[in-house]
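K.L.:
Residue numbers (this note's numbering), protein chains in the order written: chain Z, 1 to 169; chain L, 1 to 169.
Keep in mind that the hints were calculated from the coordinates and are not lab data.
Given the structure is predicted, the values throughout are model-derived calculations rather than measurements.
Be careful, since some hints might not be right.
Copies of the same chain are indistinguishable here, so a pair counts whether it falls within one copy or spans any two.
Said to hold, decoys possible - Below, in silico cross-link-like pairs of lysine to aspartate or glutamate (DMTMM-like), each with a Cα-Cα straight-line distance of 25 Å or less:
#, residue 1, residue 2
1, K100, D157
2, K160, E77
3, K149, E134
4, K158, D143
5, K100, E77
Spelled out, the chains give:
There are 2 protein chains.
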Amino acid sequence: MKPREASLQQEPAPDLTARLTDGHHQALKLWLRMLACTMRVESSIRSRLRSGFGITLPRFDLMAQLERQPEGLRMGELSRRMMVTSGNVTGIVAELEREKLVARVHDPHDGRAFVVRLTPAGRRAFAGMAAVHEGWVTELFRDIPARDKAQMIALLDKMKRQLNDDKED
Amino acid sequence: MKPREASLQQEPAPDLTARLTDGHHQALKLWLRMLACTMRVESSIRSRLRSGFGITLPRFDLMAQLERQPEGLRMGELSRRMMVTSGNVTGIVAELEREKLVARVHDPHDGRAFVVRLTPAGRRAFAGMAAVHEGWVTELFRDIPARDKAQMIALLDKMKRQLNDDKED
């Protein structure tokens, strides 16, 4: 394995591309492509959230997670789902609590524990942003033919299952 | 547009999945799948880098960027390529400089400016990590058939070009 192949650049030099086309480096090539596309979309959404709503992407993600769970989520579960450290989650929750967009309440399944929930105001605030967010994603992907989109969704679904299996090894 | 669809969860509830299958929400569905797969792989690589080499993912990424540019890169260009703030880049460069893995030298094209380069020791250190990193990616994607990999690479290449075009609007 040559070290050059693992670099996370977005435009490989021609010689590198040529070498990556042999099957051997297919996994790395696929990963670098996924990462490049995801980073581009994410960076665009991040800056639109900032300029459009004055909020960070982790804050949007956290509200999105809560929106999916009307019963609320424990801090540890939130942190696991967002794949960020619990310190980050604590900070964002504290900020949203001050703005009365989330509330900490007793876990209905375990009175000694607490869960975080969106307040009605938080739910309304998120609803507005989520609709605009979907519009941005639709716009960013507007030049991708519907057939390609459907094909990628199917392939990514398959990949997600395989990555899950991998985790359970 | 319904707000629920914009949540970034990894396992949509059945009713949501059903609604997402109509063409209308295809872009969002594709984006959530891309994000979920990328986050899973990234999180696995992040924790392997930490336990295997005791380093962070941004540090690995920064060395990967420099490895691709033997002439060196200016701080602003490094930050742009890594899509992180220049404050983050400054911190990592300072750390790598203390360990003599990178050096700041005069830009050969503009003597008043500085570029960051890997030192020979940095190049050797990165080479070892990059080889192991490629092994991890190969392992993570081992259950994905070669045909699926090739198809995804082609679709992502197309997407990358379309996202670029979008940027130039």
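K.L.:
When no copy is specified for K160 and E77, does a C-alpha distance of 25 Å or less occur within a copy, between copies, both, or neither?
P.N.:
within (20 Å within a copy, 33 Å between copies)
K.L.:
Is it within, between, both or neither when you check K149 against E134 at 25 Å Cα-Cα?
P.N.:
For K149 and E134, the Cα distance is within 25 Å only inside one copy (15 Å; across copies 28 Å).
K.L.:
Within a copy, between copies, both or neither: which one fits K100 and D157 at a CA-CA cutoff of 25 Å?
P.N.:
Neither, since 36 Å and 43 Å both go past 25 Å.
K.L.:
For K158 vs D143, is the C-alpha pair at or below 25 Å within one copy, between two copies, both, or neither?
P.N.:
Result: close both inside a copy and across copies, 24 Å intra and 10 Å inter.
K.L.:
Since the copies are identical, ignore which copy is meant and state whether K100 and E77 lie within 25 Å (CA to CA) inside a copy, between copies, both or neither.
P.N.:
Close inside one copy (21 Å), not across copies (40 Å); limit 25 Å.
When held up to the earlier numbered hints, the structure conflicts with hint 1 and nothing else.
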